[in-house]
Amino acid sequence: MSRVRQPPLVTGISPNEGTSWTKVTIRGENLGTGPADLVGLSICGHNCLLTAEWMSASKIVCRVGPAKDDKGEIIVTTKSGGHGTSTVSFKLLKAEKIGILDQSAVWVDEMNYYDMRTDRYKGISPLSLRPSNPLGIDFDKGKVPLKDLEALFPGVSGEFTSENFSATWYLIENHSVTSFDQLRMAASNLKKQATKKNEGSLAYVKGGLSTFFEAQDALAAIHQRLESDGTERVEGSMTQRLENVLNRASDTADTLFQEVLGRKDKADSTRNALNVLQRFKFLFNLPLNIERNIQKGDYDVVINDYEKAKSLFSNTEVSVFKKVYAEVETRIGALRSLLLDKLLETPSTLHDQKRYIRYLSDLHASGDPAWQCISAQHKWILGLMQNCKEEFINYQRVGLGAIALDLEGDPRPSAFSRIRDTAPLSKGGILHTPRHSTWHYETPQQVQFVEKLSDVVIGQLPNFWKLWISYVNGSLFSETGEKSGQVEKSKKNARQRQNDFKKMIEEVTHRLVKLVRGALLPSTLTELELKLYGGWENKTELTGPWLTQVIHTVRVIFEALVALEIPNDLLQVIQDLLLELRHHCLLVTLHHTADDVKRVAEKEDWVVDNEGITSLPAQFEQCMVQMLQSLKEPMETKPGEVNILQLDQDQASELCVDIIKVREQVEKLWKDINKVFINCLEQLSTKTDRDIDTSHMSVDLASPNLFSGIQEDFCPTLEQRLLIILSNCQYLEKHTFLNLAEHFEKHGFTGTEKITRVTVHAVKELDESLFDAYIERKSDPIVGSLEPGIYAGHFDWRDCSTPTGVRNYLKEALVNIITVHAEVFTVSKDLVPRVLTRIIEGVAEEMSRLMQCVSSFSKNGAIQARLEIDSLRDAVASYLSSESHASFKQALEVLPQLHNGADKKLLEELLNKFKSSMQLQLTCFQPSNVQPVKR
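For the sequence shown, this note's numbering gives the first residue as 64, with consecutive numbering after it.
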């Protein structure tokens with residue numbers, strides 16, 4: 064069952080008004096399937112089917128007939144759709160009636176007609192001829208290239224107006240995919256048009272047949288009269304009179320119509336000129352249109368118009384066309400220069416660069432605009448980096464005030480300032496709040512410089528790299544990536560210039576590295592490089608935290624470039640820079656830590672806690688932990704980086720840093736830090752009272768842990784300082800250095816066991832030295848008082864009275880020992896056994912020597928000596944060492960033995976009497992009071 068088509072619908076007519084025989088174009092829907100399907104067409108009620116020319120189902124061309132109605136609809140009737148409707152109307156204008164000699168403003172349609180005066184057909188200018196559609200069906204051009212058609216049909220053409228017209232070429236070119244039914248319908252339509260033309264000529268002849276007969280009769284009659292009158296030209300003959308009449312008629316006609324015919328010839332010339340202007344107004348208006356579109360920035364329109372004009376008139380032989388086309392080429396040349404200037408203008412976005420490159424490519428600009436843009440961007444980036452350094456150098460030289468005056472005097476921003484003002488947001492999209500006006504003084508200039516340099520590189524180098532990638536894959540000329548001559552040419556040029564671009568990237572990365580080195584590592588540059596990239600005369604020595612910030616910034620640059628998939632060999636210089644910066648940061652941090660440790664001694668307040676130590680060990684440990692924390696980021700090994708403290712020499716041989724030298728420097732600095740601290744301890748222990756700064760000492764009166772013996776105006780004596788330092792040394796050896804070893808291992812610093820052992824050994828040596836000094840100051844007076852005390856009052860061991868108790872010299876010695884015990888106990892309970900044991904060893908040794916020096920003892924002398932030795936030994940029994948036991952044993956062996964029970968009883972009674980009378984003093988020597996406090 065066939066599908067029912069919709070009735071025709073007219074939706075537009077152009078023009079929508081005019082006089083009779085005006086040519087109009089009707090547009091709409093369902094206007095027929097072909098010329099044969101169109102069976103009716105009326106405009107304002109007049110049948111216009113005879114002049115109708117069916118173009119397509121949406122277009123019909125015809126002429127308006129002399130309708131009676133001034134305004135009416137356009138109705139189309141087809142076989143397939145029936146009677147149609149219209150949504151538009153046509154207004155018929157009445158033509159003015161004019162005389163034969165009156166000038167008319169009505170446009171005469173240009174069509175071929177026969178000029179009887181010149182005896183030839185007169186028509187439109189050959190330049191204005193344009194091929195129409197002879198078959199009456201839509202063109203359906205295939206994909207057969209013109210070159211292939213020329214090869215298949217040599218010497219012929221597809222233009223049907225050409226003398227060498229080839230129907231086969233025409234059909235392949237314009238209707239290669241048209242169906243056979245459509246071609247058959249088109250052939251039928253072509254036959255009808257030819258039949259109409261033939262019938263029109265025959266009807267013209269038939270209509271004028273009677274006139275021809277009348278003219279023939281008249282000519283026959285004239286011929287008979289001429290024959291009867293004779294053929295001689297005699298004055299007064301009929302022939303002569305006829306000739307005169309005809310001459311007068313010709314003269315009269317010339318007189319009457321000369322002006323009219325002249326105006327007609329002039330009108331024909333004007334009309335032909337207007338026709339040329341109308342048909343080629345695109346070319347004549349093109350220079351002005353190009354100028355206007357350039358001003359509006361519609362470069363796509365300019366390029367399309369130029370391509371159209373070039374295809375039509377580039378090879379023209381018409382002089383006027385050549386002149387106009389030359390003007391077009393001049394304007395296009397100016398456009399090429401303008402686009403090239405815009406392309407090379409900086410700063411510019413990647414989108415604009417690609418757009419201008421495509422424009423220049425479409426305009427067939429000379430050279431390689433894409434490479435010119437890449438080269439210009441490369442120079443601009445290098446200039447930005449160098450200008451960045453110069454701005455900071457000038458800032459250092461002239462100061463902030465002069466910079467402000469210069470900015471007020473010259474409002475033109477520098478290239479770097481323009482970039483800085485338009486710089487993208489930092490990573491994460493967070494807009495930094497404006498810093499305080501004193502920020503420039505808080506942050507070192509070198510750190511600010513590296514950050515600004517980072518903004519330049521991260522802001523510009525990615526677009527530079529993406530421009531190159533687009534140049535390599537041809538997407539500069541084709542968004543979709545289809546193959547074309549331009550794309551292939553771009554890829555070929557890119558392959559030839561890969562080494563040049565690699566050198567550009569290397570130059571940018573080397574410039575970045577050298578600028579950073581000039582600001583932070585000037586010793587790594589040559590003298591010539593220092594002149595170009597240095598110049599930081601007022602350079603501030605950066606601390607570890609600032610260097611850490613610089614390392615973080617350089618790492619951000621490296622990560623951004625790695626994300627662009629730039630080859631690693633081009634980024635190796637940045638890796639080397641990072642390695643040296645990390646090394647430099649490590650050494651600087653260790654140097655500053657040594658200075659901080661040296662200043663720790665100035666903070667000693669001599670306030671002892673319950674464990675017998677001051678804040679000095681904690682401050683030292685805190686200082687070292689802060690150093691490790693500040694080195695956490697520099698020593699952290701990012702992807703692609705190396706751990707300079709864990710490399711073997713084979714791996715380090717490929718790097719720019721001597722790993723053995725680095726490790727030696729680090730080890731030496733760590734030893735120096737510990738040595739500085741030990742020296743601080745030694746200096747604190749040897750300071751005199753007037754050397755101690757007590758301005759920073761204070762005691763928290765609200766604290767419940769106020770230790771005895773230290774008041775608000777406390778100033779430690781030399782002996783007290785020795786004890787405090789000894790207590791600190793013990794704590795350092797047993798706790799602090801072990802804690803630091805764990806911290807070092809936690810932060811990835813391996814191989815520090817040797818340094819820890821050396822440091823602990825040095826602390827032990829200091830401890831022994833200070834301990835000997837303290838014992839010397841405390842033991843010598845006690846030991847020295849024994850001999851004078853024993854022989855006080857001319858005491859003689861050979862001649863002495865019966866003993867009544869322990870003599871005073873021994874009691875005084877015990878009191879002195881108790882005083883030392885109290886002094887030591889006040890500082891640190893842990894030091895009491897060590898100090899008293901050493902003092903008692905000296906006392907026991909002295910007692911043994913004194914007893915051995917006596918030549919003989921009486922019985923009472925032996926009892927007195929044994930009483931005093933036993934009393935001393937029993938009193939300090941808790942602190943006796945093997946040496947003390949041996950000394951007391953030697954002293955007792957020298958004395959005569961007591962064989963009498965009464966003597967032994969007396970000795971025991973006196974010994975108990977001594978212990979009873981000295982019970983309170985001897986309490987401090989009890990074991991329960993000398994146990995160290997558990998930590």
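Keep in mind that the hints were calculated from the coordinates and are not lab data.
All C-beta atoms, glycine included, are put in the ideal place defined by N, C-alpha and C.
Treat each hint with caution, since some may be false.
With a straight-line Cα cutoff of 27 angstroms, these simulated DSSO-like cross-link-like pairs (lysine-lysine) come out [what the hints assert, rightly or not]:
| no. | residue 1 | residue 2 |
| --- | --- | --- |
| 1 | LYS529 | LYS566 |
| 2 | LYS731 | LYS827 |
| 3 | LYS827 | LYS797 |
| 4 | LYS968 | LYS978 |
| 5 | LYS892 | LYS922 |
Per label pair, the in silico range of CB-to-CB distance [to be verified]:
| no. | residue 1 | residue 2 | range |
| --- | --- | --- | --- |
| 6 | GLU674 | LEU961 | 17 to 27 angstroms |
| 7 | TYR458 | GLU704 | 48 to 58 angstroms |
| 8 | GLU674 | LYS809 | 23 to 33 angstroms |
| 9 | LYS552 | LEU215 | 21 to 31 angstroms |
Practice problem: Kindly indicate which numbered hints from before are broken by the structure, ordering the numbers from low to high. | Solution: Hint check: 5, 6 and 7 fail, others pass.
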